[in-house]
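> In the order they appear, the protein sequences are chains P and G.
Under my numbering, the first residue of the first sequence carries the number 66, and numbering increases by one thereafter.
Under my numbering, the first residue of the second sequence carries the number -16, and numbering increases by one thereafter.
Read the hints as simulated data drawn from the structure, not as lab findings.
Since the structure is predicted, the reported quantities are computational estimates derived from the model, not experimental observations.
Residues of chain P clear of chain G, computed beta-carbon distances all greater than 12 Å:
(1) A77
(2) T78
(3) G93
(4) L119
(5) E121
(6) R124
(7) G134
(8) Y135
(9) Y137
(10) R173
Among chain G residues calculated to face chain P with C-beta under 8 Å, some are:
(11) G23
(12) G25
(13) L28
(14) P83
(15) F88
(16) G89
(17) P90
From the three backbone atoms N, C-alpha and C, an ideal C-beta is built for every residue, glycine too.
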Amino acid sequence: GQNIDQPTEMTATEGAIVQINCTYQTSGFNGLFWYQQHAGEAPTFLSYNVLDGLEEKGRFSSFLSRSKGYSYLLLKELQMKDSASYLCAVRDSDYKLSFGAGTTVTVRA
Amino acid sequence: IAGITQAPTSQILAAGRRMTLRCTQDMRHNAMYWYRQDLGLGLRLIHYSNTAGTTGKGEVPDGYSVSRANTDDFPLTLASAVPSQTSVYFCASSDVAGGPDTQYFGPGTRLTVL
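With the sequences and hints as input, model every part of the structure.
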């Protein structure tokens, strides 16, 4: 099984940078995903890491260290529309995802 | 292309009643999944299907059943609903073929069992 931890809440100012950490303990690792979920909506895919290192996609970047069981999602140049929950998910060798409880990010003007 | 649709959008159900949540995808994905999402617990996998004709149990399968008669449809049935099944239910699908095989989620069904 998977044990996935991420902070419950974070608050940041518009234009700033926020880093959301995710640690995991896994019985089989086959990739790590980050999803964004606005209130009352479905999760939407943000990023995928399977090898160590940084994946950059516009204002969002995701980092993975498999040896440390650690990932982070970096949100740069924060905008009000980035206020949402961010879900860390680990995929096992059977292609099933286990999700963390999510981090609610609030962006203030 | 609609992607994934779920029905109903929301439902209030009396305890003990039978309920089927519907999920249909038009992306020809081979794998489909049902999750429930509860405050503070995140998304938890109920059942999954890697291909038409096969199903498997996830983390929280008790009280739920699924079937996968074809590629597009993956209904979730609560045989006798209980209040602890009050939750938001999300269906997802992915094309498991190596690589990211990203899961795409439907809009969700908000279920309240009284």
